[in-house]
Amino acid sequence: MKLGLAIALMSATLLAGTAYAAEKRWDGADDLPVNPLACSAGEASAAPAAKPYDGGQPTNAPDKAGKPISLVDVPKLIGIGYFNATTKGMQDAAKALGNVAAKTDGPTEAKIDEQIKFIDNYITSGVDGILFAANDPVAIAPVLKKALSKGIHVVGYDANSTPNAREWFVNQAEFNGIAKAMIDSMANEAGEDKSFAIVTSTFTTPNQARWIAEMWAYAQKCHPKLKWLETVEAQEDNNLSFNQATTLINKYGDKLSGLFGMTSVATPASAEAVTKAKLCGKVAVVGLATPNAMKPYVNADCVKSVVLWNPVDLGYAATYVMRAVVDGKLKPGATSVEAGKLGKLNVVNGSEILLGAPFIFTKQNIKDFDF
Amino acid sequence: MSEIPLPQIAKRVAPWWLLRHETMLALILFVALIILGALNNRFLTLDNLLNQGRLTTEVGLIALPMTFIIITGGIDLSVGSIVGLCAILLGYSWKTFGFPLPLAIAFTLVVGATAGFFNGVGITRLRVPPLIMTIATLALYRGLAEGISQARSVRGYPEWFYFIGQSDLFGVPAQLWLLLIAIVVAGIALDRTTFGRTLYAIGNNETAARFSGLPVDRAKLIIYTLSGLMAGLSAVVLVSRVTTTRSDMGIGYELDVIATVVLGGTSIFGGVGTIWGTVVGLAMIQLLKNGLALTGVKGDATIVVIGTVLILSTLVASLLQRRRGV
Amino acid sequence: MTATTLIHAEASPRRLLKALASQEALLAIAVIGLAIIVGLYNPRFLAMRNLSDVLLGNAYIAVAAVGMSMVIISGNIDISVGSLIGVLATVSGTLAVEGAPIIVTWLAPLVVGILVMAFQGAIIAYLRIPAIVVTLGMLSILKGGLIGVTGGKWITDLPDSFHLANIELFDAVPMPVFLMIVATIFAAWWMRYSAPGRTIYAVGGNAEAARLCGISPPRATVMVFALHGFFAGVAALLYATQLRVIQSTVPPNLELTIITASVVGGVSILGGVGTVIGSTLAAILIAEIASALVFTDVSPYWIRAVQGVLILITVIADILRRRRMARA
Amino acid sequence: MANDQALRETAAPPRLSVYNIEKSFPGVNALTGVSFNVAKGEVHALLGENGAGKSTLIKIVSGVFPPDRGEVIVDGKPVNLARPDDARRAGIATIYQELLLFPELTVAENVFMGHAPRAGLGRLDWRAMREKTRHLLAALEIHDLHADRVVGSLSVGNRQRVEILRALSQDARILIMDEPTAALTEYDVTRLFDIVRKLKARGVAVIYISHRLDEIFAIADRVTVLRDGAHIATKRVADTAAAELVQLMVGRKIESLFPKITLPIGGPVLEVKDLERRPLTKRISLTVRAGEIVGLAGLVGSGRSELAQTIFGVTPAEGGEIKIRGQAVYIRSPAQARTLGIAYVPEDRGTQGLVRPMTVRENFSLAALGKVAFGGFIDRAAERKLASDGVKCFAVKTSSLEQIAGKLSGGNQQKIVLGKWLANKPKLLILDEPTRGIDVGAKAEIHRLMGELAAQGLAILMISSELPEVLGMSDRVLVMREGRIVAEFLREDATQETVGAAMMGSHESAEKVA
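Protein chains in written order, with the numbering used here: chain U, 127 to 497; chain G, 16 to 341; chain D, 17 to 344; chain V, 4 to 517.
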């Protein structure tokens with residue numbers, strides 16, 4: 127009986143606690159600085175001063191220049207469309223290069239400690255290079271440093287680690303670039319002074335957090351009239367994302383004129399929610415997603431623009447970068463690297479290789495992509 | 016150090032058929048090691064094995080009290096969430112409350128123990144079935160972790176703190192010492208003390224245990240508190256290993272831990288089981304995962320193997336048990 | 017003594033009714049009460065549209081909870097159901113993309129579900145391995161197997177006719193809601209009015225006595241799991257046909273959500289007690305809470321904690337109520 | 004020859020007859036060639052001490068396990084009873100001591116579980132089920148039982164009636180009742196007899212197991228006496244007398260069986276005053292002195308075990324006071340009771356006394372862990388010594404100390420439970436049905452032990468349903484009925500009749516309550 131009381135009190139305090147916590151936050155819950163791009167593509171963006179190389183280096187790595195190498199790719203998790211695409215890119219690159227054997231393996235859920243175990247195993251099994259997409263930039267660092275210390279080359283893609291834990295990071299598109307693309311499309315699809323809400327995976331997923339942070343900064347700077355309603359979590363789960371999006375639609379009704387999907391799972395689900403609510407055209411859906419999942423909505427004019435880099439290219443580039451590193455063609459201080467069919471890719475803020483500006487799928491071009 | 020108590024633990028506690036089950040499991044493990052070792056020369060290296068020890072410490076620490084709990088016929092599904100809650104509170108109390116780190120660690124352990132104690136109270140005082148009580152707190156503790164952390168992860172601990180999780184002591188991973196000590200203590204406690212005997216008695220016949228004047232409720236309260244405490248400790252080790260805290264730490268640990276304990280021959284119905292068995296189960300799972308990975312088996316296939324091993328070994332155990340007609 | 021026996025007799029039928037009604041009533045009141053309270057805070061919550069969406073989006077959990085309740089009432093438990101639903105959804109979706117007749121794509125998950133679960137039931141009943149162990153093992157087997165086979169490739173370009181969940185009966189009742197209600201009513205009716213239905217309670221309540229009544233507990237167990245598989249199949253179908261993408265992975269923690277629904281629904285983990293009406297109401301309540309917390313602007317960070325507390329309260333309330341019942 | 008006699012008396016072929024049933028379990032010859040028969044509309048009592056083989060016999064007749072030898076014949080046709088279901092089909096229904104009901108389900112369901120009336124599409128016909136149940140209730144003139152009640156909420160008496168209804172609902176022609184009155188209140192017993200008479204009238208053959216002579220004379224037509232698994236005699240109740248039956252049942256002079264020698268009795272060890280614990284312990288006052296054996300007689304359900312468990316702290320008292328050797332104490336838990344030097348050997352050995360899956364060694368030390376442990380650590384040598392001493396001094400027949408206790412015979416198990424407590428050097432020993440269900444040999448040993456213990460100055464409170472035991476062993480006899488102590492007798496004026504009357508609550512005992 128006493129316990130029952132205790133619980134009642136506890137819940138009361140909790141509910142009270144929620145009241146104060148209810149204020150909405152857009153800083154993406156990590157405290158890194160934001161760097162919004164200029165509003166119109168015309169004027170030069172406030173490019174940060176070129177940083178010196180800040181990556182780490184493997185200790186006495188065997189010289190495999192030109193020799194065949196075996197890579198392992200450990201993405202956040204296996205078994206989602208996005209990383210299937212990056213894997214495809216790596217296989218393409220491996221084929222193109224001829225002297226690279228790449229293999230993808232990883233946890234079935236985006237769990238950092240699982241991912242660490244996988245990397246650790248591959249360090250032991252002795253590969254020449256590790257490609258990774260980090261579930262957590264800091265948590266993954268120690269095991270990556272271990273890899274470096276064992277003379278294994280480490281290159282990241284999609285989700286970065288702390289710089290000194292890897293040699294290079296292939297950046298699909300800078301956070302502020304994505305942010306700009308997303309906010310701009312929202313502004314012109316929904317309208318400058320309209321309100322929108324966000325469906326993300328979890329507040330702890332670093333990339334999503336960074337994007338939201340940058341979006342907030344960029345909107346403040348260039349579209350101050352846009353109203354942010356709220357952000358909801360939906361894990362990496364289709365139906366949950368759908369439910370959350372629907373809930374938002376029902377909650378805000380006409381007030382809501384836009385939905386952001388922050389993951390390739392949340393975006394199609396949000397689009398489906400809008401379609402089901404028969405609000406196509408009234409509620410704009412902008413988000414990151416893979417084309418196949420979005421085709422029905424784009425073709426139905428329910429979604430005008432899907433923001434994404436091409437993950438196949440990302441995997442492709444990552445593999446080429448790794449090869450270049452092994453061959454000694456990409457050394458600290460380099461300003462660019464050759465990446466096969468992608469041509470020359472530039473090095474940005476120290477030790478990142480930029481894949482390019484985010485790509486925007488539209489009704490016209492989406493049919494050309496299959497991933 | 017670790018080797019000494021194991022044979023003793025094995026020697027007397029269990030009826031011989033259970034002992035047989037564990038020995039058998041150990042044999043299977045041994046054979047598996049040989050095969051995997053033959054398939055990949057990097058598997059059976061001291062380095063790799065010790066490293067696996069490092070990676071499995073967190074689960075191992077929780078598996079010990081879970082063995083106690085399952086021996087009494089109970090279960091604790093909330094351990095994973097307690098790990099998350101404790102990890103968060105470690106970072107939070109250090110960064111936000113500004114506790115000195117050692118104090119923060121102590122605080123974390125207290126929180127873990129309290130969370131476990133809360134489970135225990137529900138189970139002994141209100142007589143809520145353990146499964147239900149801990150399913151509810153599984154949601155609650157994870158929720159608290161998320162709420163308190165506000166999705167912020169705490170990083171940048173002082174270097175000395177990483178010692179626990181990342182460096183070696185006498186050539187053995189630091190946290191492995193913790194685990195080894197815990198194993199020895201738990202093993203002796205279960206095998207040699209009146210406390211351990213009480214647990215077996217509860218699991219085999221709670222009424223008779225009560226009627227024999229054994230402190231049944233107190234014992235239960237202790238083991239659930241212990242479970243929370245060890246989850247807290249495991250959280251500290253985990254944070255020290257991965258150098259950051261996130262509210263989603265330890266998700267799914269409960270199933271790994273239960274699988275370990277059950278694989279180790281502890282009956283889910285209570286009454287039988289040994290720490291020795293749990294240790295073998297722990298090694299079995301971790302080394303199978305590792306060995307298979309090294310021999311090029313992918314993660315998804317590996318968990319299929321683990322699942323199959325779990326069912327089959329339990330089947331064999333129960334067949335032995337039936338042969339014995341207990 | 018005599019006198020008390022008689023008084024006992026007088027008082028009891030009423031108490032019996034209370035006993036049967038109680039947890040269901042408690043939940044029904046909670047569902048309605050919560051709706052009203054939230055409605056006062058934010059009237060939009062009570063919009064027909066929203067209420068039906070809450071049901072629509074979570075019907076599959078309620079349906080799965082029906083089967084789970086049967087399993088728990090029979091004195092077992094199943095933690096593999098989440099993985100199984102993932103597998104079945106993929107099976108159905110793959111068939112659809114392969115161009116199998118729609119009816120086949122709809123029946124396949126039911127059949128496969130029944131087979132897999134019956135198999136598990138057989139292992140549990142005849143090899144006498146605890147359900148929790150078998151299903152724990154099966155959980156990772158299914159999970160790993162699924163990803164191994166599909167490589168986690170998403171299933172897209174599903175034919176429109178495949179989307180069972182989008183059918184609205186009489187342009188009003190969405191199929192998932194309809195199926196949820198039908199499944200619940202059918203199951204409730206079956207468990208009350210069919211001999212095999214009653215055996216579930218008999219076996220869960222007192223297996224030995226059941227045996228002496230000529231009931232075969234192992235056969236009952238297999239039957240229960242087969243049925244559970246059937247409902248898992250229906251749930252998977254709703255899960256798969258709701259969206260135009262099938263993730264072909266295992267929905268995280270789904271099994272816990274489902275078990276929670278059953279337990280909150282008043283199904284005794286010790287077996288022999290509970291109704292599927294309770295579990296469905298509980299599933300609705302849990303979904304409603306999730307939606308309500310968004311509508312009431314509860315900080316998203318605290319949502320799960322509040323959910324946890326509410327679940328804990330319902331469960332403990334149920335336990336205390338039973339205790340009082342037992343004492344009276 | 005008993006059978007020929009029976010056949011002569013009953014014209015029609017007997018409804019049920021069993022011939023030369025033999026059954027042995029590891030260590031025990033449960034039955035050695037038992038034969039008897041029951042005629043249509045006859046109540047045939049099976050009489051015998053615990054362990055005489057009554058329960059084994061009926062388990063065979065109701066198909067729980069097959070006999071090693073011999074056959075069962077229903078209406079002249081041999082039947083093979085491999086499973087309980089076969090017995091059911093043969094029209095044999097059994098009501099066990101531990102009632103087998105579904106506590107969560109209603110009366111109607113319990114009655115018809117397994118053979119419920121069906122409506123269309125194999126649907127259970129609840130209305131019919133209730134109707135039939137009401138008819139059965141009416142037929143037996145049971146008016147205080149409702150078809151929709153949940154069985155869990157019923158009194159023991161009513162639960163038993165549900166079992167009887169179940170038997171009738173599958174129109175059983177042979178009804179076996181195993182100690183049906185064991186748990187009944189006096190009122191329920193009389194009602195049970197009414198029902199049994201009605202069944203007689205309907206031509207049901209009733210096998211009535213009991214060791215209560217008074218009941219047999221009240222209800223049975225013939226009585227078959229078993230002893231140590233052997234058929235001793237079958238008599239018409241009309242032509243026999245209590246004394247003769249006791250003779251047959253015990254097989255020797257009662258005194259010879261119970262070697263309690265009267266000794267000088269010491270000071271009070273346990274003093275209980277106005278002890279209250281609802282529902283079954285009402286203002287109880289009693290005293291047990293060192294070296295004294297106090298017998299606590301009464302029907303099961305009269306509150307004897309409840310009293311014992313209140314003293315032992317399992318169900319702490321709500322009022323009144325307990326003094327241990329003059330010290331007023333409030334006992335909250337068995338652990339505390341133990342430290343006060345109280346030992347309780349419970350009635351239900353299987354669930355309360357022994358931890359069956361644990362070894363002999365572990366069971367012996369269970370209540371005395373403190374004695375063999377130092378700083379919480381169990382001293383293996385000490386423990387083994389404790390156990391082996393116990394095994395020796397109680398002559399426990401076990402292969403080794405590591406033997407699983409549950410596999411030993413009832414008598415040996417009981418010795419272990421007893422020994423486990425004595426290892427603790429208690430001052431007060433409460434024995435609850437110390438010899439229930441154990442063979443005569445072991446029984447004698449336990450009685451001898453009790454004698455010795457008393458001689459060593461231990462105070463013993465013995466609960467027993469076996470009058471001969473109570474009368475044989477006790478220095479004083481207390482009689483409980485419905486939660487109260489209703490009579491007290493000194494050894495010399497305690498007799499079958501006086502004590503029995505007090506238990507049943509007939510008049511001459513009432514005066515004795517001072």
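No wet-lab data here; the hints were simulated from the structure. Certain hints may be false.
What the hints assert, rightly or not - Facing chain G, a subset of chain U residues (Cβ under 8 Å, in silico):
| no. | residue |
| --- | --- |
| 1 | Gly232 |
| 2 | Lys243 |
| 3 | Ser251 |
| 4 | Asp254 |
| 5 | Val264 |
| 6 | Pro268 |
| 7 | Glu464 |
| 8 | Lys467 |
| 9 | Leu468 |
| 10 | Leu480 |
| 11 | Ala483 |
| 12 | Pro484 |
| 13 | Ile486 |
Claimed, not checked - Straight-line C-alpha distance at most 27 Å; calculated DSSO-like pairs for lysine-lysine:
| no. | chain 1 | residue 1 | chain 2 | residue 2 |
| --- | --- | --- | --- | --- |
| 14 | U | Lys408 | G | Lys110 |
| 15 | G | Lys110 | U | Lys214 |
| 16 | V | Lys135 | V | Lys201 |
| 17 | U | Lys271 | G | Lys313 |
| 18 | U | Lys493 | D | Lys169 |
| 19 | U | Lys237 | G | Lys313 |
| 20 | U | Lys493 | U | Lys272 |
| 21 | U | Lys193 | U | Lys493 |
All residues carry an ideal CB built from backbone N, CA and C; glycine is no exception.
Return the status of the interface hint for Gly232(U): holds when the least beta-carbon distance to chain G is below 8 Å, violated otherwise.
With Cβ-Cβ at 6 Å, under 8 Å, it holds.
Measuring from the C-beta of Glu464(U) to each C-beta in chain G, is the shortest one below 8 Å?
violated, 31 Å
Given the proposed pairing of Lys271(U) with Lys313(G), does the C-alpha separation stay at or below 27 Å?
Distance ~23 Å between Lys271(U) and Lys313(G) Cα, so the pair holds.
For the pair supplied as a hint, Lys110(G) and Lys214(U), confirm whether the alpha-carbon distance does not exceed 27 Å.
Cα-Cα ~43 Å, so violated.
With the threshold set at 27 Å, check whether the alpha-carbon distance from Lys193(U) to Lys493(U) stays at or below it.
It is violated: about 39 Å lies between the C-alpha atoms, which goes past 27 Å.
For the pair we were handed, Lys493(U) and Lys169(D), check the Cα-Cα distance against 27 Å.
holds, 18 Å
Taking 27 Å as the top limit, are the C-alpha atoms of Lys493(U) and Lys272(U) close enough?
violated, 43 Å
Hint Val264(U) vs chain G: min CB-CB distance below 8 Å?
Given a least distance of 4 Å, the restraint on Val264(U) holds.
Given the hinted pair Lys237(U) and Lys313(G), is their alpha-carbon gap at most 27 Å?
holds, 16 Å
Closest C-beta approach of Ser251(U) to chain G relative to 8 Å, hint status
With Cβ-Cβ at 5 Å, under 8 Å, it holds.
For the hint on Pro484(U), does the least C-beta distance to chain G fall short of 8 Å?
violated, 25 Å
Status of the hint placing Ile486(U) at chain G (closest C-beta pair under 8 Å):
Violated, about 29 Å.
Hint violations for this structure: numbers 4, 7, 8, 9, 10, 11, 12, 13, 14, 15, 20 and 21, all remaining hints satisfied.
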